[in-house]
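Student: Generate the whole structure from the sequences, applying the supplied hints.
Going by our numbering, the sequence shown opens with residue 17, and the numbers climb by one from there.
It should be emphasised that the hints constitute simulated quantities derived from the structure, not laboratory data.
A hint or two may mislead.
FRET-style restraints, in silico, Cβ to Cβ [to be verified]:
id, residue 1, residue 2, range
1, C188, N136, 36 to 42 Å
2, S168, A206, 25 to 31 Å
3, F114, R84, 32 to 38 Å
4, K46, H110, 16 to 22 Å
The beta-carbon is built from N, C-alpha and C at its ideal position, and this holds for glycine as well.
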Amino acid sequence: MKRLFLISLMSAMCLMSMAQINIWEGTGRKVKLTPFPAEGNGNIAVIVCPGGSYFWHDTEVEGMEVARWLQSNGISAFVLDYRTAKVPAFIFHHRYIFRGNRYPDPQDDLLQALKVVRENAALYGIDPAKVGAMGFSAGGHLVMSGAELFDSADRPAFVVPVYPVVTLTEDCAHKRSRRGLLGDNRQNDARLRDSLSLERHVPADCPPVFLVNCVDDPIVDYRNSILLDSALTAKGIDHEYLQYATGGHGFGASSHKGTEECRQWKSRFLEWVKALEL
Numbered sequence: 017m018k019r020l021f022l023i024s025l026m027s028a029m030c031l032m033s034m035a036q037i038n039i040w041e042g043t044g045r046k047v048k049l050t051p052f053p054a055e056g057n058g059n060i061a062v063i064v065c066p067g068g069s070y071f072w073h074d075t076e077v078e079g080m081e082v083a084r085w086l087q088s089n090g091i092s093a094f095v096l097d098y099r100t101a102k103v104p105a106f107i108f109h110h111r112y113i114f115r116g117n118r119y120p121d122p123q124d125d126l127l128q129a130l131k132v133v134r135e136n137a138a139l140y141g142i143d144p145a146k147v148g149a150m151g152f153s154a155g156g157h158l159v160m161s162g163a164e165l166f167d168s169a170d171r172p173a174f175v176v177p178v179y180p181v182v183t184l185t186e187d188c189a190h191k192r193s194r195r196g197l198l199g200d201n202r203q204n205d206a207r208l209r210d211s212l213s214l215e216r217h218v219p220a221d222c223p224p225v226f227l228v229n230c231v232d233d234p235i236v237d238y239r240n241s242i243l244l245d246s247a248l249t250a251k252g253i254d255h256e257y258l259q260y261a262t263g264g265h266g267f268g269a270s271s272h273k274g275t276e277e278c279r280q281w282k283s284r285f286l287e288w289v290k291a292l293e294l
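Tutor: Quick look at the structure:
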């Protein structure tokens with residue numbers, strides 16, 4: 017009987033994992049959020065934002081795989097399919113003429129996802145005061161912008177930028193992500209670049225940050241994370257910065273991508289997040 021109950025519970029959790037939510041239900045917009053609830057109540061929760069230069073998503077490695085890893089470690093996860101410019105915009109540059117998806121669309125989606133998850137905390141067995149955000153590459157920029165630009169009450173409880181895009185102004189800026197976020201006709205707007213360069217806008221009440229990157233990253237210059245670490249340190253923000261020599265980019269929570277060295281970030285994160293006083 018006990019075994020039957022456990023099988024039923026596991027089946028129910030699997031079904032919940034696949035029950036995608038439209039976070040903008042009733043508004044005419046469609047943005048998916050896929051829940052991966054962990055067993056139990058009062059859990060920590062993480063909204064997962066895959067990377068992809070604000071043009072597309074690495075949904076499996078930096079989304080679903082990350083969520084399954086978090087879920088298996090007792091942390092509820094929600095993969096956010098936030099709005100991106102999409103591949104045609106990358107190829108054809110049509111946002112010179114049409115608006116398309118651009119800032120602040122991804123930030124609005126993260127803000128709404130945080131609201132939806134908190135409002136449904138009881139359904140998923142999570143603590144609404146313990147909803148953080150984890151992002152990779154451009155997704156790292158997104159979650160960190162939420163920590164900096166949202167009103168204090170709306171921010172994630174903690175943020176985890178992994179090999180993140182940080183600056184839109186310095187010479188180490190990731191130009192594709194800058195274009196993806198700002199749009200073709202605004203990518204050279206100095207005011208916008210400054211306002212979304214995260215090293216310049218760390219608030220005094222920024223939530224705790226767990227920052228990870230690799231020096232040999234061939235996609236996002238490793239100096240992005242150094243800029244953010246320096247800014248967090250200058251403001252006295254509670255944070256941990258793991259800089260690895262090897263691992264490159266795009267390893268997510270994979271058990272085989274990257275290097276043995278960089279994959280240590282996962283166990284270090286689990287220790288860090290469970291020790292947070294939220």
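Student: Decide, hint by hint, whether the structure agrees.
Tutor: A quick look at each hint next to the structure:
Checking the proposed 36 to 42 Å range against C188 and N136 shows it holds: the Cβ atoms sit about 39 Å from each other. As the Cβ distance of S168 to A206 is approximately 28 Å, the hint placing it in 25 to 31 Å holds. For the pair F114 and R84, the supplied restraint of 32 to 38 Å holds, since their beta-carbon distance comes to about 37 Å. Restraint check, K46 to H110: a C-beta distance of roughly 20 Å satisfies the suggested window 16 to 22 Å.
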